[in-house]
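Following the hints, put chain B in place on chain A, whose structure we already have.
2 protein chains.
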Amino acid sequence: MAQDPLIVFTPSGRRGRFPAGTPVLQAARSLGVDIDSVCGGRGLCGRCQIRLSTGEFSKHGIVSRGENLSAANQVEARYDDKRGIRAGQRLSCQARILGDLAIDVPRESQVHKQVVRKRAEARDIEIDPAIRLHYIEVEQPDMHNPSGDMERVMKALHEQWEIDGLECDLRVLQVLQKVLRDGDWKITVAVHRGQVLTTAWPGFHDQAYGVAVDVGSTTIAAHLCKLATGEVVASAGIMNPQIRFGEDLMSRVSYVMMNPGGEVELTAAVREAIDTLFQEVAAEAGIDKDDILNATFVGNPIMHHLLLGIDPTELGGAPFALAANSGLTFWASEIELSELNRGARVYVLPCIAGHVGADTAGVILSESPHLSDEIVLVVDVGTNAEILLGDKQRLLACSSPTGPAFEGAQISCGQRAAPGAIERVRIDPETLEPRYKVIGCDLWSDQEGFDAATEATGVTGVCGSGIIEVLAEMYLSGILMSDGTIDGAMAARSGRVRPDGRTFSYLLRAGEPELCIQQNDVRAIQLAKAALYAGARLLMDRLGIENLDRIVLAGAFGSHIDTKYAMVLGMIPDCDLAKVSAAGNAAGTGAIIALLNQSARDEIAQVIRRVEKIETAVEPRFQEHFIAAMGLPHTSEPFARLAAAVALPAPKTGGAEARGDNGGRRRRRNRNS
Amino acid sequence: MAQDPLIVFTPSGRRGRFPAGTPVLQAARSLGVDIDSVCGGRGLCGRCQIRLSTGEFSKHGIVSRGENLSAANQVEARYDDKRGIRAGQRLSCQARILGDLAIDVPRESQVHKQVVRKRAEARDIEIDPAIRLHYIEVEQPDMHNPSGDMERVMKALHEQWEIDGLECDLRVLQVLQKVLRDGDWKITVAVHRGQVLTTAWPGFHDQAYGVAVDVGSTTIAAHLCKLATGEVVASAGIMNPQIRFGEDLMSRVSYVMMNPGGEVELTAAVREAIDTLFQEVAAEAGIDKDDILNATFVGNPIMHHLLLGIDPTELGGAPFALAANSGLTFWASEIELSELNRGARVYVLPCIAGHVGADTAGVILSESPHLSDEIVLVVDVGTNAEILLGDKQRLLACSSPTGPAFEGAQISCGQRAAPGAIERVRIDPETLEPRYKVIGCDLWSDQEGFDAATEATGVTGVCGSGIIEVLAEMYLSGILMSDGTIDGAMAARSGRVRPDGRTFSYLLRAGEPELCIQQNDVRAIQLAKAALYAGARLLMDRLGIENLDRIVLAGAFGSHIDTKYAMVLGMIPDCDLAKVSAAGNAAGTGAIIALLNQSARDEIAQVIRRVEKIETAVEPRFQEHFIAAMGLPHTSEPFARLAAAVALPAPKTGGAEARGDNGGRRRRRNRNS
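Residue numbers (the numbering used here), protein chains in the order written: chain A, 1 to 673; chain B, 1 to 673.
It is worth saying that the hints were derived from the structure and are not from the lab. Take the hints with a grain of salt, since some may be wrong.
Below, computed lysine-lysine pairings styled on DSBU-like, alpha-carbon distance capped at 30 Å [what the hints assert, rightly or not]:
(1) A:K613 x B:K178
(2) A:K155 x B:K613
(3) A:K178 x A:K82
(4) B:K155 x A:K392
(5) A:K155 x B:K392
(6) B:K155 x A:K613
(7) A:K186 x B:K613
(8) A:K178 x B:K613
(9) A:K613 x B:K186
(10) A:K186 x A:K82
(11) B:K118 x B:K155
These figures come from a predicted structure and were not determined experimentally.
Next up, chain A with everything else stripped away, as it sits in the complex (with noise of 0.2 Å):
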């Protein structure tokens, strides 16, 4: 007697042997082949495409041809015809064996399959979504042998599905007779966590989305993803209107201590802008919000404690106790969030400590310091700057209080980074003459056409990565003493240094508005670059660490500075520059990550629970390399190499000193020993 036909699946290698006429899903499943399927195998969600894979394949024995594997059917060219068949390809719920057969199964036909990540060093994405879709066909009732139909969808999910033990969401429950019976018994339903039905629809349903959102104190930012591609079908962001209750966190506790019950408005504030937020990246998506099926949120403590619900006086003073740091899931309605559908889940990433938020275990997430071979830096800046450190061996983390000096508060011509804003500074080392560029236009601020180009926007200030770029051009043209002083010696070269009170200040721009850097908003910077400095110096003696192979820079600042800039001011320890990159809004791609896989939600508990949290503010070593961080140069040798990069000669220190003999002093000074 022949044997039955021979079949391996590509990638996977996975091989077996089949009756003529099985299925090639089936074939597949019983390897345990990772093919997806949202219609459990009807033909209706083109999920399960496969594609032949002709000729011989020795290793393992086969000559597969085309005429082993069964033509296309009826229920292909419906399909074909209705969404398109992609080319080449087959529905392997359709065709069936009959011979030997290698089968390849593409990317987009796994259901976990990687999203790959642009930047290198970033981990892909295993899409593995919290919620999932299964299409089922349920018994009709019979008054003779009477059960709920609830019971027969449950049994239907275990025939079809060979999912048990569910729980019914009371709001399916109320909805599902109608859903059964507009569906004709086939309906379809959305599981979460392979523990709760949470939805139903009416015959066969292929939408799922779900949403993952950055609660910043400033801004917040939501992503609409397709939770079967990983797909970011839309991206917006709002202003948090908490703002009205206060400009920084610390004032928005504040106003709660001072207020009681305040923490209602702010709460109520925070999820009416992400309730619109959802309205408008599913406009903008084009897709409903019943849809909408899950969202994730990342955000520090204080604003985690706010969307909760959860009053955040405790973290308003030492010991910083958090309610919670364990990841929390629950129903989207019992934080009154209701654009979305009203079955949605929601998963709240962990807080870390008191002032180490979710933010921060979104950046883990994102940037997988736990999982690296070299310890790194990973230094998210906001109003305070999250600073992760170590490798897959161990992993501090602490928070840094620099103020909001660096997202352009607290600087007298600062601004938030928007059109119009300067960003980028050059400062001629002889002239003492600026040239810059801002925001929305491509030319420097010398060259022909700049006038008209921002004529528009005007030049309206400067944004936090100027500010880096001009401070650190100041000091590198000797305009900035060492001690952060502007140096009044240098009026007499430059009319730009010009006396301002009992101080100096550097005219960057003349005209209207005209845009000083006053000697405060150089203290403001010092005060904000020393604190992050700090913090990341705190967690190197804790590792007992004196070098770093790596640093992230995460967050909008950190994207837009830099990095030599960032390190001629001393704000991050020495790296090689080639090792330093900026992953972006790290915080929102870990809300992203959550969303997507869900193992991932178990990693990060995992990971929260090794991480050594280290509160800055009682320690005595902060303080002291505060202190010793407040100063501007920077001797160490990956400097040298720096003020080459920046093609401008080595810059001067103190006033009083000889300008001739910088180098060998800086060396002897190093501020960060």
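Only chain B this time, still in chain A's reference frame:
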């Protein structure tokens, strides 16, 4: 070396040796002796009281002396002062073993104590509520080792109570930080079924109540119970406000069918009424609504669905599909009940079939036919009659459409049971003169002082049990013939029987109002009792039996009717009258049982699965039995005893027949065979 002291606990008989100085509670726990405690051995709750048994326990080799137990300490003195220790008892958490001891654990101190029910045939209730209170002492936050307040609560529950894997309701998390600080890190939490933390109070809290609700079509009844003892501390009833949408169930379903969205109104009405009831029982017992932590519900399928916010339309026609036939657990807030703790959990007993609801599940829990050695028929008469038949081998259930005649509706002189309603009737077989008693008065109408005693209420109508008696008496006195016709020939004997259009009526009471039994009233009761009887017979056919061992009449009607008369009319099959009992509101009792004993919820889920459900609407045999049961004569052996019991001559058959030949005639025409 001397052996450690030996200790024996009664009534369990468990014993063991423990080092001198061991607290008695600790010894009890390590032996698995059932002793209650909320405070975990801190002398706060007084639940763990025990009694020293002195003397020789030679079976255990113990001589138990008073000096072998430590003297009462300050903690006990303080507790005794504040709340009182029962005479001769000790707090086992404070009393220490000094030598050999025999210790008795009184019933009140056992966790799983039994609540003994008054009716001998009813199963006792073992106290084991779904909600348990646990007092814990929680570690304070440490910023050097940061963790969430919630996680430290969970740690305390693990360490102090060996409870793990709890979920914490978001509503608890929202207030947890304040509760912990208000309680100086000592709090009491409520845990639902060992799975969910539902409430937290500062400090020690020992009040936990639950409410069992019977949602009837006409009235809703609630019983407030102390969960620790099972004591019913308050009960209240209220009219079901849905009555304004339709007197009976089917008219409410019709309302929903004709007014899309009408189910929302019906649902809101019943929920509001329940909240009002909760307020009433809490006020009656003088407790805070926040101490009501659990609620259980029974009700017929339509009430069940409307309570849950499910459109009952499907129950209005074949195949009478239930949305669900499992017991359901959710938050009180999910069904918008607010007059109890905001973390209160709700359990709704399972419906069995489209016409057999959660009320019948309650009856099963109360009456335990599934555990009976005898074949028992349980009948719960309301607008429908729910009928259970079986024993521990098999259990059958059906619903029979009796209509509301038994409740006094559709009867010309009928009314609900209320003061002034006639509930007992006797007719003199010679004179055909009636005498009667009304609710609220102990005198018969022919006794002196009756008019004065009923002046306040008047005599307003005839309630369900009165209808049964008057018809049975009319039959026994010959006014009614075997086919249910009022015998016009009797008009010659008494002016009480008088022409009424083309038929005759019987004047039960002259005056204002005049109360007459009309021919149509007889017909309405005939239809109702035939339906009831036919349902019971149908189940007997299915079970293949001709005789019953026992009958239980449940519900208000079943409790008020004289079972003799019910049997005279042929409402229920023949059975030894001594074996016919009334169970009162068994459905409500079932709700109480499910409230006090969580394993009853699992038990009923098991029983429901094996119940054989019969749909009377599609059973041809039901129609046959129904038609056969329309007549009145009842000719079996027990009937002869019955007739003797009511001390009246055997009734007459149809007017056309010779009166002296009744016995033999009846025997030949036995309609039930």
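Next item on the list: Could you grab the alpha-carbon distance between A:K155 and B:K392 and see if it respects the 30 Å cut-off?
Entry: Measuring from Cα to Cα gives roughly 27 Å; hence the hint holds.
Margin query: Against the 30 Å threshold, does the CA-CA distance of B:K155 and A:K613 hold or violate the hint?
Written below: With Cα atoms ~19 Å apart, B:K155 and A:K613 stay inside 30 Å; holds.
Checklist line | Restraint check for B:K155 with A:K392, where alpha carbons must lie at most 30 Å apart | finding: With a Cα-Cα distance of about 27 Å, the restraint between B:K155 and A:K392 holds, given a limit of 30 Å.
Notebook entry, point to check: Are the Cα positions of A:K186 and A:K82 separated by 30 Å at most?
Noted result: holds, 19 Å
Notebook entry, point to check: For the pair supplied as a hint, A:K186 and B:K613, is the alpha-carbon distance within the 30 Å limit?
Noted result: At roughly 26 Å apart (the allowed maximum being 30 Å), B:K613 and A:K186 satisfy the hint.
Checklist line | Distance restraint between B:K118 and B:K155, which requires alpha-carbon spacing of 30 Å or less | finding: violated, 43 Å
Margin query: For a C-alpha distance cap of 30 Å, please report whether A:K613 and B:K178 respect it.
Written below: It holds: about 24 Å lies between the C-alpha atoms, which stays within 30 Å.
Check: Between A:K178 and B:K613, is the straight-line Cα distance small enough, at 30 Å or below?
Finding: Holds, because 24 Å separates the two Cα atoms, which is no more than 30 Å.
Notebook entry, point to check: Given the hint that A:K178 pairs with A:K82, does the C-alpha gap stay at or below 30 Å?
Noted result: The given pair, whose Cα atoms are some 27 Å apart, holds under the 30 Å limit.
Check: Does A:K155 pair with B:K613 here, judged by a C-alpha cut-off of 30 Å?
Finding: holds, 19 Å
Item checked: Straight-line alpha-carbon gap A:K613 to B:K186, limit 30 Å -> Holds, at roughly 26 Å.
The structure does not agree with numbered hint 11 stated previously, though it agrees with all others.
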